[in-house]
Every structure is written in structure tokens, then in C-alpha cells.
Amino acid sequence: MKSYLNAIRAVIWKDLTAEWRTRENLSAMLVFALLVILIFNFALELDIQAQESLSAGVLWATFIFAGTIGLNRSLAVEKDRGCLDGLLLAPVDRSVIYFGKAIGNLIFMLLVEIIVLPVYSFLYQVPVFQPGFLLVVVLGSIGYVAVGTLLATMVIQARTRDILLPILLFPLSLPVIIAAVKASQGFLLMVPLTEISAWLNLLIVYDLIFTAAAFMVFDFVVEE
Amino acid sequence: MIQVKKLVKRFGPITVLRELDFEVRSGEFVALLGPNGAGKTTLLRILASLSKPTSGLVQVASCRLPEEAVAVRAHLGVVSHQPLLYGDLTAEENLSFYARLYDVERLRIGEVLDLVGLSSRKSDLVRVFSRGMQQRLAIGRSILHNPRILLMDEPHTGLDQEAGEILDSVLREIALAGRTVVMTSHDLVRAAELASRLDILSKGKIKASVATKDLNSADFVTFYRKALQGNGGSA
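First to last, the protein sequences are chains A and B. At position 220 of the first sequence (counting the first as 1) the number is 220 in the numbering used here, and the numbers step up by one without a gap. Count along the second sequence from 1, add 1000, and you get the number used in the numbering used here.
Simulated from the structure, these hints should not be mistaken for laboratory data. It is possible that some hints are incorrect.
Stated by the list, open to error - Partial pick of chain B residues on the chain A-facing surface, computed with a CB cut under 7 angstroms:
| no. | residue |
| --- | --- |
| 1 | P1035 |
| 2 | L1050 |
| 3 | E1067 |
| 4 | E1068 |
| 5 | V1070 |
| 6 | R1073 |
| 7 | V1078 |
| 8 | Q1082 |
| 9 | Y1086 |
| 10 | L1089 |
| 11 | F1097 |
| 12 | R1100 |
| 13 | L1101 |
| 14 | V1221 |
Predicted model only: the values in this text are computed from it and were never measured. All C-beta atoms, glycine included, are put in the ideal place defined by N, C-alpha and C.
Can you make the complete structure from the sequences, with help from the hints?
Below is the structure:
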């Protein structure tokens, strides 16, 4: 168990160190996310009512698109230099690679969200700094990254992986996106917790199911 | 150390390996030669547990593949066409990463860097390394965990004469250390100099096998051509 966790930590450390040096992935995700937030802000400015009801959707669309960029790049790095074989040759259970990559991707996504949320709060005049809302952001991101990392690994061999990933990922992550948007909207509009709890439960169940499923099928996904 | 019997590998309708038999004893250095598409890389990937056989028996270090793949991987070091290194990490960071994956003491990183002659460049990013330096570091990565078996897929690809010679000296040291080595190559003379046995693979089967000590260097090319034409055998 100790070597299993050490190996996961090694994969995370490797991704963070490489990213810290280049900042390619993070800067691409961040610039994209800020642009989307800004563009939607101008587009929705004329209609305050629409802005209130749509702002949670805008936020999640931003996170999802930025997250997809990150997922694609994170696995492409492994493929382009053949490093995926290096990981697959390690004498550890291959789920180590999944968890290492997924946690690394989650850290990148959360970092982008930490920077985007204050800008979003300022532009859309919404109270995002409340525990419930932040919990939704974390749970939604976990679910998205859990399924996204699995699918990004699946399409890594394909020449059209950049296109293929969103085509597969968006329909599969629809439950987590809908639940995250509904729960976020509930917290922003100060709806009672009892009305939001069903969405929160859906997020938790989705996270658990897809993390467990990825753990079970990852070995088959990376098989030649 | 390596035992392969009636190995078949198909990719859809294409059969790459056809009931191939192959055996390597402990401490042997076997060079696998053959034309492009002969199945050399496919065989190496199966031995490395990166690909599954369609049928047949594959045993590496007394463990059966693919069933005991994790155990096999602990005994294997693999050098491929690509260095399997991260360009945005330094040489030392790359080895440190693999050391953690293989649960190897950090002390070993310095030893390996010395062995491949890269101690003075340990803090440089791998992306600024020449192809030859990357390949030496790749070999360092492959022997980091002291594997009993080394699988090398055309390790000299893309190297100039000088880098090739440095790589040869590293390979000789590895062979002298008693490791079992299987290397694919297109360089007949170099393979014959390094290996203790030459196996010629063509159309998914071993066509001929010869101990290098039994053959004069002038006869290598004739032997290779004859083997490909189907007139080879075991010498």
C-alpha cells in the first residue's frame, strides 16, 4: 500500500514539476477560462434576469471547456514522447497512473478555478465565497476529472484525440454538469439546502461511481 | 530466463508473429535482427508486457505473461526508440521520478548517472540534451532498479558514430555485469560485436540462430542473407 501511494505521489510530483517549469497547460486553461467568462459577461449584460439565471451555467461551461484543454494536454505529453510506455513498464498496479494523472489534473483545474472565481464573482456580482458553493465546485470538478482522465487516456492513441475527447466526454459528464449547475444556482440564489441536497447527492454518487469504474477498467483502457 | 513457445500475435487480420519459438538463457546477450516488419518490436513489446499475445506461452524470469505482468516488470529494464524521458524535467529529476515508481533508493541515482557519464549534466533539462545523451540517460533509466533482463529496441537509432560508441561501451559494461539482454538492431556488425548470439527474425518466425563466437565477422552478412532467404539454421 505504501509503495502504491508513493507511486501515485511520484506521478503527481512529476506533473506538477514539469508544469511549474513551463506553465503551458495552466496558462492555456486560465487564459481560455477568463476569456469565456468575459465574453459571456458582455453577451449577457443587457439582460440582468438572464444573467441571474444563467450565471451558474456560464461558470460551469467555462470550467468544462478549460478542463478539457487541460485533460487533452496532460495525456498528450505522455504520448508524444512515448512516456506512457515508461509509466506502463513500472512494476505497480496501473491504476496508480490513473490516480496520479487524475489528481494532477484536478489540482490544475482547481488552481484555474481559484483564479477564475473572484473574477466571476466581480463581473457577475454573485456571492461565490460560501462553503456550499465551493463544495459544489470541488465535487463537480472531481466528477469531471474522474471521467475525463479515463476518456483522455482512452483516446490518446487516436490521431483525432483533440476532437474525440469532448465528443465522448461531454455526453458522459452530462449528469455531473447538470447537477453542478443546479446546485451552484441553488446556492447563488440562496435556495434552502433541502432543495439542493438532491443535486449534491447526485454529485457525490457520480464521483464515487466514476472513480471506482475508472479504477476497475483503467488496465483495459491502456492495453494495446 | 526468457521462454517463448508457439507465440502468435495478430493485429486484426494481420498476423505479425507466427508460432514463434524463442529462448534466452540467463546472462546471454541476444541480438534480434531482421527486416522492417519482421516482428522484432512486437516480440519485445510482448516480453515487456506492453502488449498481449494472441496465443502461445510467454515466460519471463519464471513468471507467465500476461498473468504475472507486475512481477515480470520488476525484473525488466526497457530501452525503446524513444527515450521515455520527460523533456521538462532534469536528468536527475527524471531518474528520481522513475526511482520512486520502482521503489529504488535515491543513492542509486548518482551511481547510474556516473555509469552513463552524465553526472556533470544532472541538473540540465533533458530537452536540451543531444539524442546520444538522451539515449544514455534512457539506458540509465532502464537499469536504475538493477533489472535481471534488459530489452532494447534499436537503441542505436539516430545516434552518430561517437554517441554510438559511447552507448556500446555502456552496453558492454551492462553485459559484463551478467544481465540478460535482448536487443533488436539493423546494424549487423555492431550487433555481432556486442551480442553473444544472433537470431534472425523474418515474417514472424526465427529463421536462424548463431553464436557470434562461431562466426567470422566476414561471414555475418552472408549468414544474414542466407537466413532471410530461408537457407539459414542454427550454428
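Handout entry: Hint check against the structure, violated hint numbers in rising order
Key = 1, 3, 4 and 14
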